[in-house]
Every structure is written in structure tokens, then in C-alpha cells.
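**Q** Numbering (my numbering), first residue to last: 1 to 186.
No lab work stands behind these hints, which were simulated from the structure alone. Every value quoted in this text rests on a predicted model; they were computed, and no experiment measured them. Hints may be right or wrong, so weigh each one.
[As the list claims (entries may be wrong)] Here are the simulated EDC-like pairs of lysine to aspartate or glutamate, each with C-alpha atoms no more than 16 angstroms apart in a straight line:
#, residue 1, residue 2
1, Lys81, Glu144
2, Lys106, Glu121
3, Lys106, Glu93
4, Lys136, Glu93
[As the list claims (entries may be wrong)] Label pairs and their calculated CB-CB ranges:
#, residue 1, residue 2, range
5, Ile169, Met128, 46 to 52 angstroms
6, Thr42, Tyr170, 18 to 24 angstroms
7, Glu124, Asp164, 20 to 26 angstroms
8, Lys90, Asn48, 21 to 27 angstroms
9, Trp41, Thr65, 40 to 46 angstroms
10, Ser100, Asp134, 19 to 25 angstroms
11, Gln44, Glu93, 14 to 20 angstroms
Every residue, glycine too, gets a C-beta built ideally from N, C-alpha and C.
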Amino acid sequence: MEKISRRRAIEKTSTIMCGALSSSLVLGVLSGCRADIDLDWTPQAFTNVEAMIVADFAEQVLPTTDTPGAKEAGVESFVEKMVAEYLSNKEQEVFRNGLSWLQERKFHTATPEIQYNMMMELAEQARMEKQQRDAKPFFLLAKEMILLGFFTSEIGATQVLNYDPIPGIYQGCKPLEEVGGKTWAS
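Build the full structure now, drawing on both the sequences and the hints.
**A** Here is the structure:
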């Protein structure tokens, strides 16, 4: 196996992350934007209904199981901040149109099964639109922000991923079974 320096490893990781995430999301995370659990959170850029839609959408993407879900991590506040402060105008328009589509169909009052079906419809639209647009479709943009918000939150990083605040020696090829079956948060 080729040995590489820490600097080179960071460069390679950055390249992979930048390719996987849109530039506005990378900017948001690098600026310190993260999901905070704020039980008294009041939406600023979203209406209350939009915030409920985002929370329910996020919970469909990352539901609570034997590990915490997106709602518990406060992902909706992260998504709101990303939309308001970091997305481009075109991305904001795509996101707002997606929220409107869900609001018209009463996503926030639908049963989880109906919500799931609406999301599958959006996923199919995204699959067909992906090749035809220069901006990501709503479904992909929302899912990307939800996953990013969750896994950069304290809950996602410490209760779902392995987290070692003061790491020891680096063992890059350690079997997952030896670390509880979870990948690393940092």
C-alpha cells in the first residue's frame, strides 16, 4: 500500500468531498454551519409549515430507529440556514419550488406512507431531470443538505458515527467490526 502524507490525504479527501457536495454546501460547512438541537427554534427564513415539511421530509430520509433520526438532530434548522445564507439564487428557487410542491399536496399532514410515496415521486422526477438541468433537482438538494446536516451534528457524529475527539495513532484499514460496526465521524 502506498504511504501518503497527511497533507496529501486531506487534499484527496477534499477533492472527493467537493465532488460529492455542491459548492454552496461546502461553503456553509466550512463557515461553521451545523445542525444544533434548539428545542425553542423559531424559523426565520421558512414559514412554520415549511419548517414542518422540512422536518418531516428529513425524518423520512433519516428516520429514528435504534439510532436517533433527523428530527432529533435538529436538521431542519440546519437546512433553513443553508437555504437562507449559502445556496445560490437558482438553488434557492429550486428548493422553494420543491417546498411549494410539497405544501400544495399537504405533505406535513399526510401519513408517513403517503409522505414516502410523494418522496418517491420526487426521486423519480429528480432522476429524469438530472441530465436536463444545470441545477440539482429539489429532491437531491434537500437530501444532500439533510445528510450533511445530520452527520455534522453532534448527535450524528457521536451517536451514529464513531467519534474520537482526541485520536491516537491513525489506523486507516481497521475493520469496522473492531470499532463497533460504525464508520468514523472525523
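**Q** Are the hints correct? Go through all of them and say.
**A** Verification of the hints:
no.	hint	result
1	Lys81 - Glu144	14 angstroms, holds
2	Lys106 - Glu121	15 angstroms, holds
3	Lys106 - Glu93	20 angstroms, violated
4	Lys136 - Glu93	11 angstroms, holds
5	Ile169 - Met128: 46 to 52 angstroms	48 angstroms, holds
6	Thr42 - Tyr170: 18 to 24 angstroms	42 angstroms, violated
7	Glu124 - Asp164: 20 to 26 angstroms	40 angstroms, violated
8	Lys90 - Asn48: 21 to 27 angstroms	26 angstroms, holds
9	Trp41 - Thr65: 40 to 46 angstroms	23 angstroms, violated
10	Ser100 - Asp134: 19 to 25 angstroms	21 angstroms, holds
11	Gln44 - Glu93: 14 to 20 angstroms	19 angstroms, holds
Violation of the numbered hints given earlier is confined to hints 3, 6, 7, 9; the remaining hints are satisfied by the structure.
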